Every structure is written in structure tokens, then in C-alpha cells.
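Chemist: If you read the protein sequences in the order shown, they are chains A and B. Our numbering applies: residue 299 is where the first sequence begins, and numbers increase by one. Our numbering applies: residue 12 is where the second sequence begins, and numbers increase by one.
Since the hints were derived computationally from the structure, they do not count as laboratory data. These numbers were taken from a predicted model, which means no experiment stands behind them. The reader is advised that the hints may include incorrect statements.
[What the hints assert, rightly or not] With a straight-line cut-off of 27 Å between C-alpha atoms, the simulated DSS-like cross-links for lysine-lysine are:
#	chain 1	residue 1	chain 2	residue 2
1	B	K23	B	K107
2	A	K369	B	K104
3	A	K636	A	K526
4	A	K530	A	K318
5	B	K45	B	K104
6	B	K107	A	K573
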Amino acid sequence: MSLLDTASLIVTPNGYKEGKLYSVIPSDGSGDLSVTRATTATRVNSAGLVELVPYNLLSYSEAFDNAAWTKSSITISANSTTAPDGQTTADTLTNSSSSGIILQTYSSVNTSQIVTHSVYLKRTNNDWAVLAIARSGATTYGEMYVWFNLSTGVVGGNLPDGAAVILDTEIENVGNGWYRCSVTGYVPNAVAYTAFMLYPDGNNSFTRVTGQSVYAWGAQLVEGSTAKDYQKTETRLNIPRLDYSNGTCPSLLVEPQRTNLLTYSSSFDNAAWLKYSGGTGSLPAITANSTNSPSGVQDADTIVLNAGSGTSTSDQSLLYQNFSVTNGTTYTFSFYAKGAVGGEQIMARQAGGGSYTKFTLTTEWERYTLTESASYTGNASVDLTIRRGLTEPINASATFYLWGAQIEVGSYSTSYIPTTSASVTRNADVISKTGISSLIGQTEGTVFVDCSAADLNTFKRIAISSGSYLSSVYLDFRNDGSVVAAAWTNAGLAFYYTITPSNPLNRNKYAIGYKANDWVVYVNGSLAASQSSGGTTFSSTLSTFELSLGGNDNFFGDVNAAALWKTRLTNTQLAQLTSI
Amino acid sequence: MTNIYKLTYSDKETALADLKAKGILVEVEFNGEKHEAYGNGVQAVVELGLIMVTPPVMDGMEIVTPPVYADGYHYDVMSENEYNFGSNLVEPKNPKHAFAGHSVKEEFPYEPQFLIDEN
Chain A
299 MSLLDTASLI VTPNGYKEGK LYSVIPSDGS GDLSVTRATT ATRVNSAGLV ELVPYNLLSY
359 SEAFDNAAWT KSSITISANS TTAPDGQTTA DTLTNSSSSG IILQTYSSVN TSQIVTHSVY
419 LKRTNNDWAV LAIARSGATT YGEMYVWFNL STGVVGGNLP DGAAVILDTE IENVGNGWYR
479 CSVTGYVPNA VAYTAFMLYP DGNNSFTRVT GQSVYAWGAQ LVEGSTAKDY QKTETRLNIP
539 RLDYSNGTCP SLLVEPQRTN LLTYSSSFDN AAWLKYSGGT GSLPAITANS TNSPSGVQDA
599 DTIVLNAGSG TSTSDQSLLY QNFSVTNGTT YTFSFYAKGA VGGEQIMARQ AGGGSYTKFT
659 LTTEWERYTL TESASYTGNA SVDLTIRRGL TEPINASATF YLWGAQIEVG SYSTSYIPTT
719 SASVTRNADV ISKTGISSLI GQTEGTVFVD CSAADLNTFK RIAISSGSYL SSVYLDFRND
779 GSVVAAAWTN AGLAFYYTIT PSNPLNRNKY AIGYKANDWV VYVNGSLAAS QSSGGTTFSS
839 TLSTFELSLG GNDNFFGDVN AAALWKTRLT NTQLAQLTSI
Chain B
12 MTNIYKLTYS DKETALADLK AKGILVEVEF NGEKHEAYGN GVQAVVELGL IMVTPPVMDG
72 MEIVTPPVYA DGYHYDVMSE NEYNFGSNLV EPKNPKHAFA GHSVKEEFPY EPQFLIDEN
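So here's chain A without its partners, still in its complex pose (with noise of 0.2 Å):
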């Protein structure tokens, strides 16, 4: 039997779902922890991309009887027939008069952005099936209609109408019926989608029979040419974030809520993002959704600075976008970019307002950050440019590819924050198990978290507990750049030491065993402290592990792995436990 093996609980960054990451022990439910956003996020996934979490823009995507569909003459039967996956999940949607329909939309998405709807169908008394993308607003109209033969599994007839237009239409026989059906394509301009359903008597018609009906499960909306593997959703805004940046072997993503300021935050076409040119220097051209971005969909701008012949500090060609600003207010700017042959030079500055910063740019996608901090309160923009005289030297232009720009307040910049019309908010990531006394040892045990914090500038902590810091066992990482292992017990403060590994900000293994006058503190493999003195009795039972201390002082960064054991593990095996 290995160590692990005599474990309570082990989470590793493996299994989940909307609002649970599984545990590994115990593996019958009783140990999933709970995560808490309320929002959507971005990841880089094990392919490398930036990704939605989720990437399925539809939300309830088996459950077409939520309030989330809009349905009009449609009468749902859900959980009806065997779906795809083998369960008893998919609906049957029948028409209840000739304009039945079911719809939802999706609202920010990226200007112009090519998108592609899919959903699993099967027959019952009918043939046909039409799959829809719309848009239709004060400046752009379009919808796109392909009608699906259900029967014979091919495709049918399809009408753009107003602006739209279909690039692809695909159906694939997944078995025992059912059909994936799937239309790409895009209206110009158009910020938002709605991807609708109806059930019509054959092919090219809209006629639809009352009490005709299809069996339908999995529907899909995302973003790019490619249906992507089925993502099932319902909220959508509490999946854990299981993050690829560091390697092969992800990590768990916690980050604090932070907002993107800029808007249309990959659109730089857009009128948000300012151009302007000055001596001898020309506008900046943008060509919009250009190449393909560091999400590997086709969303990236092309962005051509010439500042000309001139080598005067009037001489620029600047992108840039206002923002407000707070005295004393420290932001941090990040956008991905690369060269179009490498060795590009472009400069930025934002919220601080005075000198610029020189960036190289790579033939690959890199994300770049600059942190800057207000001097004043009121209006500051974000430059991207090319101006002479000031960095020299500098090249007079640059031929470059824009993704993801972001401003946030903070001293570092976090995951990527898409925008359109408005400033966007991610919640922080919320993680912990409540009402687990049977998991935690409540007189000896052993703590074990392999982490990495994001910063030292605030109180983190990670702990058992009963819920408050009166009765708990935790590791603080302190805004002084200090890590604390400590407890509270019925006799106050039973144990503290102030540990030191190298850097917190990287991935170090941690772990505290506790017992009656017997406390110690292992890191890496070596011993940070050890005490033997002081009891374990605890004011409260401990039925609570969290990243955070009492619901507050949230720990923020990348979780490897965190344990629980029942008993004080011996000093050679947490010396072997933390080793790296």
C-alpha cells in the first residue's frame, strides 16, 4: 500500500463538473470540492489555447425545457429517449402549431465572429430538421437556415438571408439514429448570436405540422469553423478551471475577481480603439480576424504601425483606448501578440502616462505585460505605438498580429477577460468542502498541499477548519512575502512558525502534521519546523477544507495537489510526500 493510498482525501486537478472537482479519495462523491465563480473564465488548455470555460456558448445543452431555450409553439418531453452518451437524457421536441421554434442567444461574442452551431437529432415522425444561426440588429441583419434530413442523413438545402453567410453545413451518423448536424458561419458586424432549432414537412419549407416532432440532445454554439468535441453546460458559470500554462500536467487555476477595462478587447477595428497619426506618420491600418489567435480560432487582428521617415517624437502611429484611472492605483496591461517575421519593435504605456516601454515581438504568440501606476484620477489610454525619438532605437514600422488586450487593476496580470460592448467582470475563483469531520483528523493528522501562491500581496490562506479560524489548522501566505504554518486550537495559538521557501511563487509542497506535542512542518522534502508542545484540541470539530481561511482571505494561484491524512504521517514520510 503506497502513502496515498492511507489518505482521506486527495484532489488532484483530474475530474469535474460544473461546480465540483472530484476527489481522488474518496472517490464516491463524499469529497468533490465545491467551486464557487458565478461567472464564466479562460484557460489555457492541454493543447495550449486560451479557451472559454466553458467553450459551449449555450447554456442548459441538454435540457431544452430550461428557461434558458425560448421556446414558441414547442412542447418539450425531457428525458425521453436514449441519448447519444447512453443516458436517458434527450427531449422530444414536437410542434404544437405551424410556427414552432426554440431558440437561444448568446451576446458577446467577438465582432464578426465565425461561429458554429451543432446538435445531436434523431427521427421520430419526422424527416426534417432545421438548424439556424441569426443575428438581427439596427445595423447588421442576417440569418442562416440548413435544413438536415434526418431519414436519409444528408444534407439539404440552405438560405443565407440578409448578410449571413454559411461557410460549412456538416451531419455525421453517431449511431442507433442520432445525427450530429452542424452549420458555421457569420454576419458582419454582428455582436451577438441566436442558434435556433425548428422542425419543418420536408425539404427548403418552413411548414411545420402540429404533433411532428425530434428527438434532440447536446446542443452546441462556439466560437470558430469547427463544431469542437460536445461540452455539456447548464449554468455555465461555476467550472473549475483545470490550466494547462505550466505543462503537460495541468494545475488548478484560482485566481481573484478581476475586471477587463478595455472593451472590444480583441476587436481593435473597432471605433473603442482610437488611431492616430502624427508627423510624418500614417494611421494604423487593422485588418480584423485576420490570422488565427493564441484561442486557435481565426480572431486575431493584423495591426500595421508606420510612424514614416520622420525621427522626431512628433513622428508616431499610435492604437490607442481611454480608460479611467484612480490616483495611486496601480493597473497591469497584457495582450498577446506576435510579428509577422519577428524582431518587431512596438511601445506601450497606459496608466502611469509618461515614458513607454519597448517590446520585441517573436514569430510566436507571446503575451506581454506592462504595470503602471496612476499619478492623477481621470481620464488615461492604453498605447500601442510606434514613436520616434523617445526609445531609440526603434524601427520606423512594424507589420504585427493583436490578441486578448487587457487592463486590470493589480500588480500582475491574470487569465484573459474577453470584452465587447462593456468591461467585463471574473469573480474569483471560490474553492472548498464543507461538512468532511469524517475526512479530517480531529486530534492527529497531516495537511498536505503542493502549490504555487500568485502573488505576495495579499493574505492567502489554505486550511481545515470548523469553519472559523478559532478552531484550524492552515498555511498563511503572508503579504510580506512570508509563508506561516499555524493553528488555532482551545488554547489559542498552539502553533506558528514563519517558513521559508525559496519563492511562494513557485510550485513548492507543503506539510503540516499535527498531534499531541508532537507538531511539525515539512517543505520540499526538508524539515521547516517542528514543535513538541502544545495539544490538539480543537474549540470546534474540523469538517471544512478550503482555500481560504472561514470563507475569507481567499489563496489565489496554482494548486498541484492538496491531502488530508487522519493520522500524523512519521517524519520520513512527509519528507518523502513533499519531496520534489
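Following the hints, put chain B in place on chain A, whose structure we already have.
Modeler: Using the frame of chain A, we list chain B on its own:
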């Protein structure tokens, strides 16, 4: 259940006083140290502050006409709890802030134009 409130106050101090009075922002103590935190059920408080409704008019990099800001000092609150904010609760037609995964503004109901025209 998630509730999103868009709020306008006369100034920041008035806003903070109301948010604290409602238990949205609370003071917590840990080992003798006090700091501000969200109350139970509160998922986010976003200080929007002054909202620019008209950007500055620029001549090159010089501001010719300063930006115009909406009246008041603004916050967005997301919470599982329900609150009565009275006249501080607003419904902007073109919101300047949203929460990720939540619509900037509601697009429903969408009525397919082609089908309407056909009928």
C-alpha cells in the same frame, strides 16, 4: 439564484455606507487584524466609479473637450441575496459593465426576421 444589481450613489462614501449597512461589505477579524470582505452570499462587488458616457474629444493627443461622465458614483453587485436598494438601483440602456458569461444586455426575445417576413 444570482442577482445582479446596478447601483448609482451620489458619491463613493454614500455607496460604501449603504453596502456596509446591508451586509454586502463586512469587516472581518483574523488574529487581531481587521479587513474588509464580502458578506455571506455576496459573489462580487465591482466599483465602477465614474462612468464615461462621452469620450473626450481629442486633437491628436490633446484633449479638446473633456469626457462627460454619468451622474453619480457606480457599483455593480452580484449576490445570492435579495436587497432593496430603492432609488439607487438603476437599469442602464447601454451598460458599461458586465459579468463574464452574463449578457451585457438582454437580447430576448429574438424573432427570426426571415420567418416574420415570410408570414
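Chemist: Hinted pair, alpha-carbon criterion (27 Å max): K636/A, K526/A. Please report holds or violated.
Modeler: Between K636/A and K526/A the Cα gap is close to 26 Å, so the pair holds against 27 Å.
Chemist: Measure nothing beyond the straight line between the CA atoms of K23/B and K107/B; if it is 27 Å or shorter, mark the hint as holding.
Modeler: holds, 18 Å
Chemist: Measure nothing beyond the straight line between the CA atoms of K45/B and K104/B; if it is 27 Å or shorter, mark the hint as holding.
Modeler: Violated. K45/B to K104/B sits at ~39 Å, over the 27 Å cutoff.
Chemist: Verify the proposed pairing of K530/A with K318/A, using a straight-line Cα cut of 27 Å.
Modeler: Given pair K530/A, K318/A holds - Cα atoms ~14 Å apart, limit 27 Å.
Chemist: Are K107/B and K573/A close enough, with their CA atoms no more than 27 Å apart?
Modeler: The given pair, whose Cα atoms are some 22 Å apart, holds under the 27 Å limit.
Chemist: For the pair we were handed, K369/A and K104/B, check the Cα-Cα distance against 27 Å.
Modeler: holds, 26 Å
Consistency note: the structure conflicts with earlier hint 5 alone.
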